[in-house]
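Protein chains: 2
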Amino acid sequence: MTEAQLEGFEAKGSWVAGIDIGGTKILMLLSNQKCGGEVHERRLPTQSAEQPELFFQWLFTELKTFCAEIGCDLDRLAGVGLGFPGVILQDEAVLRNAPAFQWPEEDIRPIIAKYYSGKIVLDNDVNMAAMGEVDQGAAKGHRHSVMVTVGTGIGAALVLNGELHSGQHGAAGEIGHFITGDEGLSSEYVADGDAFGVFEQVTSGTGITERARHYFNSGKGSELSLIWSLAGGEVEQIEARHVFKAAESGDVAALEILELPMRYMARGLANITALLNPSIIVLGGGVAASNPAYYLNEVQARLKRYVVLPVQVVIAELGNKAGAIGALASIRRHLERM
Amino acid sequence: MTEAQLEGFEAKGSWVAGIDIGGTKILMLLSNQKCGGEVHERRLPTQSAEQPELFFQWLFTELKTFCAEIGCDLDRLAGVGLGFPGVILQDEAVLRNAPAFQWPEEDIRPIIAKYYSGKIVLDNDVNMAAMGEVDQGAAKGHRHSVMVTVGTGIGAALVLNGELHSGQHGAAGEIGHFITGDEGLSSEYVADGDAFGVFEQVTSGTGITERARHYFNSGKGSELSLIWSLAGGEVEQIEARHVFKAAESGDVAALEILELPMRYMARGLANITALLNPSIIVLGGGVAASNPAYYLNEVQARLKRYVVLPVQVVIAELGNKAGAIGALASIRRHLERM
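Residue numbers (this note's numbering), protein chains in the order written: chain G, 1 to 338; chain U, 1 to 338.
Hints listed in this document are in silico derivations from the structure and should not be mistaken for laboratory results. Be a bit skeptical, because a hint or two may be false.
Okay, the calculated bits of chain U under chain G, using three or more residues with CB under 8 Å as the criterion [what the hints assert, rightly or not]:
| hint | stretch |
| --- | --- |
| 1 | 165-173 |
| 2 | 188-195 |
| 3 | 260-271 |
| 4 | 274-288 |
| 5 | 302-308 |
Backbone N, C-alpha and C fix where the C-beta goes; we use that ideal spot for every residue, glycine too.
Just need the whole structure built from these sequences, with the hints factored in.
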């Protein structure tokens with residue numbers, strides 16, 4: 001390291017951290033952009049999640065230890081980006097809809113300030129992941145991108161003009177309640193905020209799994225279907241990934257089960273494209289990742305028939321690191337704007 | 001006028017203009033914020049639309065005359081906002097999809113610069129109208145708002161975090177191709193960029209008119225229907241506004257004709273709400289305005305069943321002045337940011 005590099009390394013304020021907080025795991029990244037931006041990484045199991053006070057005390061103690069080990073210092077951290085598995089209200093910084101962190105409805109910033117005095121950026125983990133894909137991954141260089149995450153449920157995150165759009169109540173991208181067809185919409189239908197939305201019921205991993213089990217339970221599926229053997233001959237063992245695997249080989253039952261989910265997913269992406277005119281849509285989450293080539297191909301072919309605007313559709317690239325990378329990118333952008 | 005006011009009035013750069021350019025009419029607004037922001041207004045018929053060169057020469061000559069009459073001067077105009085009846089590509093400033101202005105695919109900024117040397121902001125008229133409603137009208141004070149305009153066709157404009165979101169190709173808000181149900185989507189369906197989208201076919205004024213005429217042409221409508229008398233007993237005279245007028249009185253045919261359009265409109269607004277989490281949706285255009293109370297009530301009642309997020313739905317307030325007011329607001333904001 002040259003003397004000039006060393007000086008940069010030592011300079012107060014050139015370090016930043018990005019932290020992806022999960023219900024069971026945490027990923028911390030530390031980076032000093034003045035030293036080439038090498039990213040140091042630490043994974044640890046989530047602790048003390050019961051109370052915000054205890055949690056942040058624990059978290060910043062861990063961050064301090066991590067900093068010290070790589071020659072940094074908590075006081076020299078210019079900022080920390082934090083991604084949470086729930087909605088963060090932007091004006092009040094209250095964490096909501098986070099099953100793993102059932103905290104009181106209070107602003108968490110003053111609590112964090114007790115343990116860390118630098119700048120912070122707080123957001124939902126799906127938003128942070130989208131930011132990560134824009135910064136380093138599949139949407140790199142795109143000004144307007146949308147990330148759609150298909151896993152147990154479904155969600156989207158919007159990066160418009162390089163900025164996350166969180167909406168009035170931090171709930172932008174909650175597309176589970178999209179309406180893309182008549183399925184599930186009786187004349188008595190009323191959306192329920194505590195349940196899966198009609199779009200989510202059809203397109204999510206949970207929805208596809210239920211659809212497949214119902215298919216076999218109702219006697220439509222045959223034991224000759226590849227799904228049956230992949231699930232070890234037990235209906236209750238059938239998972240969405242078995243259906244995708246079987247569909248790839250042209251299994252008739254699988255294609256029939258996936259018809260509505262793939263149709264609705266394509267329609268959902270068509271609606272996003274019509275409303276926002278993004279240049280790229282990134283598909284993330286376990287369902288798309290379980291069989292990316294098949295999933296992407298199906299969605300693209302169907303989407304083409306619904307849209308009149310050009311839009312790229314790609315699979316996410318950063319996997320479970322996206323959230324922490326996005327948290328790092330968010331705090332960096334925040335500091336650059338100041 | 002006090003001496004200090006006069007000094008403000010005289011100061012170079014405190015005047016701004018907002019111009020709404022229509023295919024047949026133009027509305028110019030001039031205002032000097034330092035003098036209380038009184039808005040001077042001039043309407044004139046559109047001329048010289050064939051060529052951008054001739055058009056802007058004519059337009060800025062008219063603006064100069066208007067300026068002189070109210071004691072301003074073109075050279076003292078700090079900026080001009082211009083709304084066009086077509087898509088403006090933001091990076092290149094090319095005007096597209098403007099039937100009244102079929103100009104070559106070229107950047108119009110250098111042409112404008114020949115006649116006016118100050119700052120300019122160019123955008124689509126629907127976007128400008130949305131900005132106007134945010135600045136002075138129904139969405140005043142809202143950070144995230146969407147304006148949906150229902151007229152001959154259908155379109156939306158997004159003001160997110162106080163800024164217009166135009167999308168990658170200036171086509172954000174082109175919701176004519178939204179998919180909100182199965183109507184019109186055969187297995188051979190392919191969206192056509194030159195035709196009405198499936199959502200537009202159902203929800204636009206044109207769509208409702210066609211639906212009503214078809215209803216009577218196919219023998220379903222009775223001469224006892226109020227629609228029939230409102231249209232003077234001629235199927236080809238039936239308009240969307242007759243249907244709304246009749247529906248207000250509980251006319252059975254009208255309610256039947258409007259069932260799908262109102263259902264789809266509510267679903268469309270539900271999709272916008274789920275994706276963007278705006279605090280307000282403003283309904284503009286002739287269809288909503290022809291019977292605002294009935295239209296609003298129908299949409300609100302239906303929307304409530306589809307959404308889990310709170311969102312206000314209101315009727316636009318500024319009518320045909322919205323575009324020019326928005327153009328004025330846009331250039332003001334642009335100058336303030338500099």
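Structure-based check of all given hints:
1. 165-173: This one holds; 9 residues, not fewer than the three required, reach chain G with a Cβ under 8 Å.
2. 188-195: holds (count 5)
3. 260-271: holds (count 3)
4. 274-288: holds (count 6)
5. 302-308: With 4 residues in contact (Cβ-Cβ under 8 Å with chain G), the coverage given for the stretch 302-308 of chain U holds.
Violated hints for the displayed structure: none, as all numbered hints are satisfied.
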